[in-house]
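Colleague: Taking the hints into account, I'd like the entire structure generated from these sequences.
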Amino acid sequence: MPELRMALAFFLLLNILAGLVRVVRGPTLTDRFIVAQLFGTTGVGVLVLLAADPGQAALRDVALVFALLAPVTVVAFVRFAVGSGPSPEQERR
Amino acid sequence: MNPWAVYALSGVAMFSVGLVGLFSHEHPVKRILASNIAGSGVLLVLVALARREPTGAPDPVPHALVLTGIVVSVSATALGVALARRIARIDATAKAESTGASDPEAGGGSA
Amino acid sequence: MSPTAWMAWPVILPLLGAVLALLVGRKGVRVVAGVASVATFTASAVLTWEVATRGVLRQAIGGWGPPLGIEWRADGLAVLMLLTIGVVGPLISVHALDHLGDREDREFLPLWLFVWCALNALVLSADAFNLYVTLELVTLASVALIAVRRDRPGLDAGLRYLLFALPGSLLYLLGVALLYGLYSALDLGLLGQRITPGPVAWVAAGVMTLGLCLKTPLFPLHVWLPPTYTGAPTPVTALLSALISKGSYYVLLRLWLEVFTPILDWQVGQFLGVLGAAAVLWGSLLALSQSQLKRVVAYSSVAQIGYMFLLFPMATLGARTGAVYLVVSHAAAKASMFVAVGNIHQAVGITELGGVQGLAYRMPFTFLAMALGGISLIGMPPSGGFIAKWILLEESIWTGQWWWGLVLLLGGLLASAYVFRILRGSFLPLPPGVTVRSIPLGNELAPLALALIALVLGLVPWFPLELLAVGTAR
Amino acid sequence: MSLWDGVCAVFMVAGAFFCLAGTVGVLRFPDVYCRLHALTKVDNLGLGLVVVGLALQSGSWATALELLLVWLFVLISSAFTCQLIARAALRRGAAPWTGRREP
Amino acid sequence: MTAALLDACLALCLPLLAWLVLRTESLSQSVVLFVAMGLLSALAWARLDAPDISLVEAAVGTGLTGALLMHTLSWTDERPPDVAARARHRPWAVVAMAALTGMLGWAVLSLPSDDPGLTREVDAHLAESGVEHPVTAVLLNYRGYDTLLEIAVLLVAVLGARAVNPRSERTTPEPSRDPLTGELFRMMTPALLLVAGYLVWVGEHGPGGAFQAGAILAGGGVVALLTTRLGTPRMSSWRVRWALLTGPLLFIGAAVAPLFSGRALLEYREAQAGTVIFVVELALTVSIAMVLWMFFPGMRPARAERSGKEPS
Chain A
1 MPELRMALAF
11 FLLLNILAGL
21 VRVVRGPTLT
31 DRFIVAQLFG
41 TTGVGVLVLL
51 AADPGQAALR
61 DVALVFALLA
71 PVTVVAFVRF
81 AVGSGPSPEQ
91 ERR
Chain B
1 MNPWAVYALS
11 GVAMFSVGLV
21 GLFSHEHPVK
31 RILASNIAGS
41 GVLLVLVALA
51 RREPTGAPDP
61 VPHALVLTGI
71 VVSVSATALG
81 VALARRIARI
91 DATAKAESTG
101 ASDPEAGGGS
111 A
Chain C
1 MSPTAWMAWP
11 VILPLLGAVL
21 ALLVGRKGVR
31 VVAGVASVAT
41 FTASAVLTWE
51 VATRGVLRQA
61 IGGWGPPLGI
71 EWRADGLAVL
81 MLLTIGVVGP
91 LISVHALDHL
101 GDREDREFLP
111 LWLFVWCALN
121 ALVLSADAFN
131 LYVTLELVTL
141 ASVALIAVRR
151 DRPGLDAGLR
161 YLLFALPGSL
171 LYLLGVALLY
181 GLYSALDLGL
191 LGQRITPGPV
201 AWVAAGVMTL
211 GLCLKTPLFP
221 LHVWLPPTYT
231 GAPTPVTALL
241 SALISKGSYY
251 VLLRLWLEVF
261 TPILDWQVGQ
271 FLGVLGAAAV
281 LWGSLLALSQ
291 SQLKRVVAYS
301 SVAQIGYMFL
311 LFPMATLGAR
321 TGAVYLVVSH
331 AAAKASMFVA
341 VGNIHQAVGI
351 TELGGVQGLA
361 YRMPFTFLAM
371 ALGGISLIGM
381 PPSGGFIAKW
391 ILLEESIWTG
401 QWWWGLVLLL
411 GGLLASAYVF
421 RILRGSFLPL
431 PPGVTVRSIP
441 LGNELAPLAL
451 ALIALVLGLV
461 PWFPLELLAV
471 GTAR
Chain D
1 MSLWDGVCAV
11 FMVAGAFFCL
21 AGTVGVLRFP
31 DVYCRLHALT
41 KVDNLGLGLV
51 VVGLALQSGS
61 WATALELLLV
71 WLFVLISSAF
81 TCQLIARAAL
91 RRGAAPWTGR
101 REP
Chain E
1 MTAALLDACL
11 ALCLPLLAWL
21 VLRTESLSQS
31 VVLFVAMGLL
41 SALAWARLDA
51 PDISLVEAAV
61 GTGLTGALLM
71 HTLSWTDERP
81 PDVAARARHR
91 PWAVVAMAAL
101 TGMLGWAVLS
111 LPSDDPGLTR
121 EVDAHLAESG
131 VEHPVTAVLL
141 NYRGYDTLLE
151 IAVLLVAVLG
161 ARAVNPRSER
171 TTPEPSRDPL
181 TGELFRMMTP
191 ALLLVAGYLV
201 WVGEHGPGGA
211 FQAGAILAGG
221 GVVALLTTRL
231 GTPRMSSWRV
241 RWALLTGPLL
251 FIGAAVAPLF
261 SGRALLEYRE
271 AQAGTVIFVV
281 ELALTVSIAM
291 VLWMFFPGMR
301 PARAERSGKE
311 PS
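Line by line, the protein sequences are chains A, B, C, D and E. If you're matching positions, the first sequence starts at 1 in the working numbering and goes up one per residue. If you're matching positions, the second sequence starts at 1 in the working numbering and goes up one per residue. If you're matching positions, the third sequence starts at 1 in the working numbering and goes up one per residue. If you're matching positions, the fourth sequence starts at 1 in the working numbering and goes up one per residue. If you're matching positions, the fifth sequence starts at 1 in the working numbering and goes up one per residue.
It is worth saying that the hints were derived from the structure and are not from the lab. Just so you know, not all the hints are guaranteed correct.
[To be verified] To spell it out: a stretch of chain E is covered by chain A in this simulated footprint if at least three of its residues, at any positions, have a beta carbon under 8 angstroms from a beta carbon of chain A; those stretches are: (1) 7-18; (2) 36-48; (3) 56-67; (4) 70-76; (5) 185-192; (6) 207-219.
[As the list claims (entries may be wrong)] Here are some chain E residues the structure puts well away from chain C; computed CB gaps all over 10 angstroms: (7) Ser26; (8) Glu132; (9) Val200; (10) Ser236.
Even glycine gets a Cβ: it sits at the ideal position worked out from N, Cα and C.
Modeller: Structure (structure tokens):
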């Protein structure tokens, strides 16, 4: 069972890395930011999987904090970043 | 290779990337990010060193040092960003004045 | 209170003063800062007295002691630095009060107290990581001070300083990590006992030296210094040049003389010495070719820092005495020069070197200070600079490395050229049409007091020299 | 491996599968809004199933509760996040995909 | 086996991501990548058995640094165009990077590979420290002096940041008009307070503590700034100053009190150490939250809104 959890954690990590492609390719800032959100949730998944190992219970607290604070960046993004970056015309390419 | 050594090398590489990036960029925000990256690299080396004995609890001393290091690095980042922000504001105002338009931030007042 | 307890106050009092000065807000800030300054100076003086009479003092903070805890160690070198900071710093801050506006007071005074706290903590600390924290505290407080006027040049200078000082600290921290990895200790004493030549010690010594040289700065790494020193408000430049840059040099000195001694071989010493010599010549030549007054003095700092690195090739106790004596007298002399420059700017509002024309008659104290400070920079008797250079010259001959003596003499010659360039102009007749605003007497006396310290260091060197010997008998 | 463990494993693997599906969606879907849709699958189902599997396995009420709390936070934040991002994207002028091939 | 793969993957990706952050042309891309790097480093700390650090990374990276960097995106395009953000591609940069990595790697690999460090010394004195969690013991007792200076660093940084940008940059007339974000803030607040309180309390015997809790509260504060009518706290308000400085004052007081009974700085009596540390941590939580909150420069409107493009 610990092996399965570790394997799943690894699998989720690979998912995160695959998501990097979208960050690099964009094309819009919003797309990139969506991937950041995806990373956040997947990262929480990795953390809760790792936390199930004996002696690692504190990692659940880390996952909790990640989940709790995720909206902070989002709200900041919506407030600040939306107006910048390439214009809609450029976005559609 | 031991896991700690893998992470320590990773930290060393991050440090080098950050340090070289710091001196090859002109944009202040990028340079602040670079110094942050270099800092994370050093901290990663420290935490990796704390995990060298594979059994038992890791060495808590480097952990405490790293926590202090993170606080210092956050402070430096915040101060750097604040300075860069102010410079950008001064430039924007100067530009607006030179083109005869009103201050782009004139709508802003104190809260 | 036990004698060792006195070690806490030079660190705690300015910290407490800074926090209280922030707390009281606009009205009481001068009073709080004044009381804190007097108290801190008194504590530094008492500690100096204790060390002079009892010898080296130690305090295990928290009662733990190395390797678990942090230790403070006050030897003669440490308390001499404490005293220098405690005398030079407040004199600069008195000048700053008038030079900066009323608004900046609220920020300048607490920030200066933080710098003072951090420098005192740095001087007393015997723990490699704690030194990192103090270095960063000094850096961030300096950045805030440089930018305190919120004008474009100051902000640029602050950001530039931050982005050069940060990698310096990080390089140092990486060295600390490596040393801890091998020796499981952060205490400088323990590290000094355990150090053995090997890749870890070499690389650690290399990155730490590189980082600290970047912060000080030593010759090829000095590119940030002239623009930063020019862009900062003049009192802050005085602090930077006189005290803050000495902080990282002090750490370097401690490291090489107390920790890395086994790996300080001939080549390393010569290498640092060559860079120092290059700094002396390059800095002096550039100082000679500047057209702006403040830049002349700034480049002179590059040169003076160079002399301090001549200690490493000789690496004798005598050379250490000479270098530290230079640190102390340069602190006083250069502070007086920068403060005088600040007065001149305030009086005529001209930053060009030609702006000093005729001012010697109008601002006699300021130019007397400039002349006395200049004498110390050149190394003519009677001045602290003379004593320091004399000791270094003696050591260079005694160790058979006469070529450093040559550098000392040549540097002195160049320094006299740029100092006389400033002074000569001031004795020319005042050009017509120039209005000279009057300067408050206190502002004229502050640089004079600083310059007199440099003079006194040349007249009665016995006390500092005896103090420096405390704790060297090993 | 007991039956109970097997059930937990099925939950977790299913969760990981939904995470994969979400990632593929974010990578492959044509516009911001579709990608947001894929993102919510990870938040709701992917993490949810993993959490359920782990909670069943943990054998302690406190742990299970904390895990569910983590999921709850992610759900709430996801609901707000997607709404905010979608609105921001619309305001910026990112046109929704209409099924036609772009030139 | 899988664990080793996970470690290798993580360790490889961190420097790679760092390189991408600095290499990309657009600043927005590097900010997003930087936030992702923070997440990966939190996973790395977790793998290295450093949950305390992972917690801080989670709290600071997703909350404060993320928001701070997003804020930079709203103004950096006023600077020279994004192209200036690109690295000047110079061969020396790559050579320097490789040389530095090689040299440092050589030193790191020649370190002994099974050194317990100071673990034993820390454990031997843990009973005297007043707390059960070794990292807290180091942070607030054995090396409490570092922490005292670290608080000074925070104060200096906030003083500097506020000195250059003294006013909160609010220009949107009605940020709270958006019912969605307001609701979000209302829902977050109790959870934030609860988790922050839990982390201070748990810090005595497990990973957690003042900084983590303070960072979480600050995250809530940032959301409040962005969604409600609240402006950034200003240094000129005495309430703000007291909230900021009570913690440091208390810490200084606790540090010097032993001096008056012939002990060293920060040398707590064994019986009282636990209580003193807890009270200091509680007070510091408030101050740290205030400092981190005040790092955030306040707000300004999104450009689309300002030019009136907002759909009605």
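Colleague: Any hints from earlier that this structure breaks? Give me their numbers in increasing order, please.
Modeller: Checked against the structure, the only hint that fails is number 10, while the rest are satisfied.
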